[in-house]
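Asker: Sequence:
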Amino acid sequence: YTLVGSLLMFLAVLYVAHVAGTFDIRTLSQVLPEKAASGEFTRTAQYVCFLAFMLSFAVKTPVFPFHTWLPDAHTEAPTGGSVVLAGVLLKLGTYGMLRFAIPLFPEPAVTLGPAICILAVIGIVYGSMMAIAQLIANGDWKRMVAYSSVGHMGFIVLGIFSFNVIATQGALIQSINHGLSTGLLFLLIGIVYERRHTRLFDEYGGLAKTMPKFAILFMIATLASVGLPGTNGFVGEFLILIGTFGGSMSGLGDGWQWSFHSTMAVIAATGVVLGAVYMLWSYQRVFFGKVTKPENETLKDVTTTEMAFAAPMIVLIFLLGIAPGWFLNRTEDAVRQGLTNSLVNAENIQAQNAQREQAPAQAHD
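Numbering (this note's numbering), first residue to last: 1 to 365.
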């Protein structure tokens, strides 16, 4: 997956550098829209390059239907690998969308944005349903959290391609939130796996009695993942849903865009409900009830060292949940300026394309 996506993006990078005469990112973001408006960077080439970039970022994020590698990767990865994958590597895809795909190819991004929003919403619902399926089938605890990541990353992509300042702000802070809450979930699952060497749901039950401190830590991570007000997860998802419901700032397709984006927001909101279902259900199965396995009766609770590893994540979960302004205030101007520039460039390119298409017809008349 990663190799194929990266190869296509590499070829697209070579082509855009040939068109613009530079590899400098800041210069490319200025020159490429200008050449697209003048017709020197053809519309077909714009769309091909945008799709090449997006394929690479969609695989890395991952966006449905390029998500199938993620559950397997998380299931096989060691605990540290899963924490880094959730907290850092997946965000490279959404960062690339914001930093490269949209500024360099604004017209294809705006035109294809609704299709990408649809894929993001499908990923939200699909990831949630697959997480529930893991519970029904007594599957892998870690695999369930991996599928939840597909849903959470779908929210971030939806916020980015809603082309709304509030939704984009939500996507940015949700990128951090997902890394904290899901990273903490993987860390805690790794802690109990070191003691029991299994992640199957039917191997657990009643852990709150034998590991009370661990149960408290996992409840905090669970509530953050669900998006309980007061935790970081609420802020990002709320901003994304509100911004998406408000519609795109783009003037392209005014006749239908509000109803489209409001529909996407409503469907995406079901992912919040489904997320609460599988996260709280999994917590109930693992931590409540009777201790059904003798091995669980003697499990050692979390050590001071293990709590020290989790403590910074927990502090940030509540800090971003209670006072997100210190982050959002620092990013708002950059988000607004970048989004405005991309949308203005997209409208200018479309206007110039329309003029060029009308010119032959007028000359013929």
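Do not take every clue at face value.
With a Cα cut of at most 25 angstroms, we get these calculated DMTMM-like pairs of lysine to aspartate or glutamate [said to hold, decoys possible]: (1) Lys213 with Asp140; (2) Lys209 with Asp140; (3) Lys35 with Glu357; (4) Lys290 with Glu194; (5) Lys91 with Glu332; (6) Lys290 with Asp301; (7) Lys209 with Glu347; (8) Lys290 with Glu357; (9) Lys213 with Glu347; (10) Lys213 with Asp202; (11) Lys213 with Glu306; (12) Lys91 with Glu40; (13) Lys213 with Glu297; (14) Lys35 with Glu347; (15) Lys213 with Glu332; (16) Lys91 with Asp333; (17) Lys213 with Glu203; (18) Lys300 with Glu203; (19) Lys209 with Glu297; (20) Lys300 with Asp202; (21) Lys290 with Asp140; (22) Lys293 with Asp140.
Simulated DEER-style distance windows between Cβ atoms [unchecked claim]: (23) Ala334 with Ile216: 36 to 42 angstroms; (24) Asn341 with Met129: 26 to 32 angstroms; (25) Tyr193 with Leu112: 39 to 45 angstroms; (26) Met129 with Asp333: 36 to 42 angstroms; (27) Asp301 with Leu228: 21 to 27 angstroms; (28) Thr305 with Met129: 23 to 29 angstroms; (29) Ala133 with Glu297: 25 to 31 angstroms; (30) Asn341 with Ile122: 27 to 33 angstroms.
Calculated from the structure, these hints are not laboratory results.
Here a beta-carbon is modelled for each residue, glycine too, at the ideal position from N, C-alpha and C.
Asker: Would you mind marking each hint as holding or not holding in the structure?
Answerer: Results of checking the hints against the structure:
1. Between Lys213 and Asp140 the alpha-carbon distance is near 23 angstroms, which keeps this suggested pair within the 25 angstroms criterion.
2. For the suggested pair Lys209 and Asp140, the alpha carbons sit about 22 angstroms apart, so the restraint of at most 25 angstroms is met.
3. Of the pairs offered as hints, the one joining Lys35 and Glu357 holds, with about 17 angstroms between alpha carbons and a cut-off of 25 angstroms not exceeded.
4. Distance restraint check for Lys290 and Glu194: the Cα-Cα separation of roughly 22 angstroms lies within the 25 angstroms cut-off, and the hinted pair is therefore satisfied.
5. The suggested pairing of Lys91 with Glu332 holds, with an alpha-carbon distance near 19 angstroms, which does not exceed 25 angstroms.
6. Between Lys290 and Asp301 the alpha-carbon distance is near 17 angstroms, which keeps this suggested pair within the 25 angstroms criterion.
7. Between Lys209 and Glu347 the alpha-carbon distance is near 61 angstroms, which puts this suggested pair outside the 25 angstroms criterion.
8. A threshold of 25 angstroms between alpha carbons decides the hint, and for Lys290 with Glu357 the separation of about 72 angstroms lies outside it, so the pair is violated.
9. For the proposed pair Lys213 and Glu347, the alpha carbon gap of about 55 angstroms is over 25 angstroms, so the pair is violated.
10. Using a Cα cut-off of 25 angstroms, the hinted pair Lys213 and Asp202 holds, with the two alpha carbons roughly 21 angstroms apart.
11. Pair hint Lys213 plus Glu306 holds up; C-alpha atoms about 11 angstroms apart against a cutoff of 25 angstroms.
12. For the suggested pair Lys91 and Glu40, the alpha carbons sit about 33 angstroms apart, so the restraint of at most 25 angstroms is broken.
13. Distance check on the hinted pair: Lys213 and Glu297 sit about 15 angstroms apart at the alpha-carbon level, within 25 angstroms; holds.
14. Taking the CA atoms of Lys35 and Glu347, the gap is about 14 angstroms. The hint holds against a cut of 25 angstroms.
15. Between Lys213 and Glu332 the CA atoms are separated by roughly 38 angstroms; this puts the pair beyond 25 angstroms, and the hint is violated.
16. Among the hinted pairs, Lys91 with Asp333 is consistent with the structure: their alpha-carbon atoms are about 21 angstroms apart, no more than 25 angstroms.
17. Distance restraint check for Lys213 and Glu203: the Cα-Cα separation of roughly 20 angstroms lies within the 25 angstroms cut-off, and the hinted pair is therefore satisfied.
18. A hinted pair counts as satisfied when its Cα atoms are at most 25 angstroms apart, and Lys300 with Glu203 qualifies at roughly 16 angstroms.
19. As the CA atoms of Lys209 and Glu297 are separated by approximately 8 angstroms, the hinted pair is consistent with the 25 angstroms bound.
20. Taking the CA atoms of Lys300 and Asp202, the gap is about 19 angstroms. The hint holds against a cut of 25 angstroms.
21. Between the alpha carbons of Lys290 and Asp140 the distance comes to roughly 20 angstroms, so the proposed pair stays at or under 25 angstroms and holds.
22. Taken as a hint, the Lys293 and Asp140 pair is honoured in the structure, with Cα atoms around 17 angstroms apart against an allowance of 25 angstroms.
23. A C-beta distance of roughly 37 angstroms is found between Ala334 and Ile216, which places it inside the suggested range of 36 to 42 angstroms.
24. Between Asn341 and Met129 the beta carbon distance is about 38 angstroms. The supplied range of 26 to 32 angstroms is therefore violated.
25. At roughly 41 angstroms, the beta carbons of Tyr193 and Leu112 sit within the given window of 39 to 45 angstroms.
26. Between Met129 and Asp333 the beta carbons are some 39 angstroms apart, a value that agrees with the proposed interval 36 to 42 angstroms.
27. A hinted range of 21 to 27 angstroms holds for the C-beta pair Asp301 and Leu228, which are about 24 angstroms apart.
28. Under the hint 23 to 29 angstroms, the C-beta atoms of Thr305 and Met129, about 37 angstroms apart, miss the expected range.
29. With their beta carbons about 30 angstroms apart, Ala133 and Glu297 fall inside the hinted range of 25 to 31 angstroms.
30. The hint said 27 to 33 angstroms for the Cβ distance between Asn341 and Ile122, and at roughly 29 angstroms that hint holds.
In this structure, the hints that do not hold are numbers 7, 8, 9, 12, 15, 24 and 28, in rising order.
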